[in-house]
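Novice: Single-letter residue listing:
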Amino acid sequence: MAISHQLKRVDFIFSNENDWEKVLSATIKKKPADLINELISSELKGRGGAGFPTGLKWKLAAEAKEDAKYIICNADEGEPGTFKDREILSKVPYKVLTAMAVCGYITGAKEGIIYLRGEYKFLQAELNKAIEEFHYYCKEIKFDFRISIFMGSGAYICGEETALMESMEGKRGEPRNKPPFPTQRGYKNMPTVINNVETLVHTFTIFKYGAKKFYDLGVQYSRGTKLFSVSGDTPKPGIYELELGMSLQDFVYEFGDGDTKAVQVGGASGFLVPRKKFKDAAIGFKGKLVGISLPTGGSMMLFNSSRSMYNVLDNYLEFFREESCGQCTPCRVGCQQLLLGIKAVKRGEKPAAYLDKLLRLTETMQLTAKCGLGQSVANSFSSIVENFQEEMIY
Amino acid sequence: MTNKINITINGFPVEIKKGETIIQAADSQGITIPTLCYHKDLCVAGNCRVCVVEVVGQTRLSAACATPCEEGMEILTNSLKVRNSRKHIIELLLAEHNADCTKCYRNGNCELQKLSSEYKIMTQDFLELAPLKKYSVDMYSPSIIKDDSKCIRCQRCVRTCAELQGVNALTVAHKGDKMKITTFFEKAMRDVVCTNCGQCVNHCPTGALVEKNYIEEVWDAIANPAKHVVVQTAPAVRVGLGEELGLPAGSRVTGKMVAALKRLGFDAVLDTDFTADLTIMEEGTELLARLKKALVDKDETVKLPMATSCSPGWIKYIEHMYPEYLDNLSTCKSPQQMFGALAKTYYAKARNIEPENIVSVSVMPCTAKKFEAYRPEMHDSGYRDVDYVLTTRELAILIKQAGLDFNKLEPVKYDRLMGDSTGAAVIFGATGGVMEAALRTAYELVTGRDVPFKNLNIEPVRGMEGVKEASIKIENPLKEWAFLDGVELKCAVAHGLINAKTVMDAVKTGKVNYHFIEFMACPGGCLGGGGQPIPTSPEIRKKRAEAIYAEDGALALRKSHENPEVQKLYKDFLKHPLSDVSHHLLHTSYTKRERF
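Chains as they are written, first to last, in this note's numbering: chain A, 11 to 404; chain B, 114 to 709.
These aren't lab readings, by the way, just hints derived from the structure by calculation.
Predicted model only: the values in this text are computed from it and were never measured.
Accuracy of the hints is not assured; some may be wrong.
Dumping the calculated DSS-like pairs for lysine-lysine here, alpha-carbon to alpha-carbon at most 27 Å [unchecked claim]:
(1) K291(B) / K367(A)
(2) K367(A) / K200(B)
(3) K194(B) / K296(A)
(4) K360(A) / K153(B)
(5) K181(A) / K614(B)
(6) K188(A) / K247(B)
(7) K198(A) / K153(B)
(8) K353(A) / K293(B)
(9) K291(B) / K188(A)
(10) K293(B) / K181(A)
(11) K188(A) / K117(B)
(12) K367(A) / K233(B)
(13) K188(A) / K705(B)
(14) K353(A) / K188(A)
(15) K198(A) / K614(B)
(16) K198(A) / K131(B)
(17) K75(A) / K131(B)
(18) K291(B) / K181(A)
(19) K218(A) / K198(A)
(20) K188(A) / K194(B)
(21) K247(B) / K360(A)
(22) K131(B) / K188(A)
(23) K246(B) / K360(A)
(24) K153(B) / K181(A)
(25) K705(B) / K614(B)
(26) K117(B) / K75(A)
(27) K353(A) / K247(B)
(28) K188(A) / K200(B)
(29) K188(A) / K130(B)
(30) K227(B) / K200(B)
Put together the whole structure using the sequences plus the hints.
Specialist: Next up, the structure:
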């Protein structure tokens, strides 16, 4: 058994945001160094899925010596099965704006940009109103920070932070080589903090209540809470804020329909966990958790026994084949090979053993692709093919 | 030493320069890391992933071209993990590639083919994707053929077109499996801003971009007894051709090349250098005429600075990008086209051959010359002035097909009448060469003295700096040029169209005040032309440039106006520079073009 605690619902993120003005004016009276230490001691990790320590990211940007710096809120929520950032931006936008401003205060940036997913255009007008009011308050307290919205155009790859910046600079949305990292050279080649919408809201919580309240939730290496977008074969789809570190078994008890066959954790780029492994799996970042630890941007898709896992995989691969930016070989050609490969096996044009060749290909993709997209195609592919091999073949 | 760091490569400790990427560090240690998208002329893309290496301690492999070395780094360039991944990537590229190598123009000089051979990819386990995609071949351009089925999406061409040339005719479109390299609205290459410079061809690792070749047409003409086939060779060809025939970069092969051309069966082997000297006579006179109009007659319609017009890539570029400056271009045709017009008039008359029976072939370091010969203006002889344009590479193919052992050929001299040249003409092949040649002649014409530079070498306009400036103060001119006394002639030289853009933008904003500017479309000038041997690199171009200047230094005559055959041409045919005959045959006009 891997699990350290029970599933527990929490209500931080969507709780009252009416005190944002107080939180902002109080926070920017503190020393930036103290705020960074607070953030580091909370052990908050990025909620977009990659889990980079937020405090460290802000510290690196604060230490960078450039005149212009930028704060970007990544609201290009494109992972299939994820819809939490939309909810945050429509329900508690001021928390996001406040967090961006505090980040600006800490790092020395004067400009923040929300990269809003093209499909979320309907949020733009409301969000702009909030920004206007926010600017008004900043002016009142003589705090110099401006926020604007940049509309994305619908490419999944633009959620990748460097592709996002390329797109903001008016170029084709293709990931850059790293290093340099955004905190060194990001948007317009200047030090940039880029955080997921949810990550920013968590910093709001931490600045409001202190790091301890956040740290006390979750388990070691996976502190605090996380928003989950629950979908698929579930009687109660929706968005839930839960403590990190819960067991997948508990999650399925809570959200399953009694016939859950598998759960896809982390969207198309995440892992599929079959029923027999539910009890060994915990939701959180790799660490001292025994068994399988599953980091996630929050997408939880439940599948019951009526689903063909072949169809699920086929669907994911079709998505990747189209959404790969196409610049690097392993991702562009790899995704095509994987999709056509499983089709060929299914039709009997390639032997079952061809799946092993494809599994080795996903290893190469994981090792060599330029960005997270190509590297993570292996996750869903290998976890589905290895656990449901017979469904792939027959 | 603070500028050195210590790393290990494949277990061996080495000291390398700080700031080097893994690929550079390995290269400095004699270890080649294969790559398809990396090119020394271009920014790092890191997208082919063939160059991945293992950095000990990291889970993923790193692209050697894009990863800077750090102190203490342990790098494995040939571990099992690296080899397996690299093989996979090559297999993936081949699966997407039209690998019908025997029918490919780049067969034998293809980087993907070479890599596939090195890694002994003997089977194709992956599904072949090439037949599934409805690839098209764009062969409407007179210069360049673009075959998407051979494209490996390394984006070298895109970076070349943007970074070296500032043209942006080629771009990436679509994403995922549909991602491709294409043009504005996927128009044909001939219908967009493409300048035909061929730098994309020179940088393409495969056969996706190649020159349109006229090899069979030329063989047909040679085989036709009714035809008198004359060939001209451009200055830069003689310092490039050797590379295609197994000689090191920078080999001077002028005499051997002439010998080879004679053995191929050309009826007369003549020299574009002859018309390069002629260009200087016409263009230099034109410059002085413009200066006189501007300074003495105060004629405000005279356009200065005057820009050179030898480079057809540059001409098409200005026609697209700065059409409001077309009157600043010298009206002189390029040496190739001057030669073409004279071959079917002056030469035909002197040799007593019907011009319609003359087939005029040129060998150029250039793909844009193919387009230039095809322009409707270029029929002043009453016929198409230049019938076929071959690149340096195509000439090498002719020589190989004829089975000639190039190295064993005894050097031979050009034929008479249009075969004489001076050092001033040879340096047309290098950036700054036209400027230097023009100054050598114009200064002497005006003052009666040699240009005030040691050994006539005008060093400020030489070298690989993107934009070069020079000025010469004219003192004590001859009586008829008295109005130039004390005038400081300001000149600039730009090579690579991105540098041409810099200069043109400076001219446009009035930041600079030049009298005369030399523009060459290609990096390094013609010696780095799009028709020159592949590969190209800054080092290779430097060697070719050294060969050009060595050729110049070795010639007895080094000033265009001293060319005896050019003098005879004026005496017998043209009368004087800018004469009516000159105007009819040697000068041209330009066309405004759209910016698609």
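Novice: Taken at face value, is the distance from the CA of K247(B) to the CA of K353(A) at most 27 Å?
Specialist: holds, 20 Å
Novice: Against the 27 Å threshold, does the CA-CA distance of K131(B) and K188(A) hold or violate the hint?
Specialist: Roughly 18 Å separates the two Cα atoms, so the pair holds.
Novice: Checking one constraint from the list: CA of K198(A) to CA of K131(B), max 27 Å. Satisfied?
Specialist: holds, 25 Å
Novice: Sort out whether K181(A) lies within 27 Å of K291(B), counting only the CA atoms.
Specialist: Satisfied, since the Cα-Cα distance of roughly 18 Å is no more than 27 Å.
Novice: Within 27 Å, alpha carbon to alpha carbon, are K246(B) and K360(A)?
Specialist: Given that 27 Å is the threshold and the Cα spacing comes to 21 Å, the pair holds.
Novice: Could you grab the alpha-carbon distance between K367(A) and K200(B) and see if it respects the 27 Å cut-off?
Specialist: holds, 13 Å
Novice: Can the restraint linking K367(A) and K233(B) be considered satisfied, given a maximum Cα separation of 27 Å?
Specialist: holds, 18 Å
Novice: Tell me if the straight-line CA distance from K247(B) to K360(A) falls inside 27 Å.
Specialist: holds, 24 Å
Novice: Taken at face value, is the distance from the CA of K614(B) to the CA of K705(B) at most 27 Å?
Specialist: holds, 17 Å
Novice: Does K614(B) lie within 27 Å of K181(A) when you go C-alpha to C-alpha?
Specialist: Given that 27 Å is the threshold and the Cα spacing comes to 21 Å, the pair holds.
Novice: Below or equal to 27 Å on CA atoms is what counts here, so check K198(A) against K153(B).
Specialist: Given that 27 Å is the threshold and the Cα spacing comes to 25 Å, the pair holds.
Novice: CA of K153(B) to CA of K181(A), is that 27 Å or under?
Specialist: Holds, at roughly 23 Å.
When held up to the earlier numbered hints, the structure conflicts with 4, 6, 13, 14, 19 and fits the remainder.
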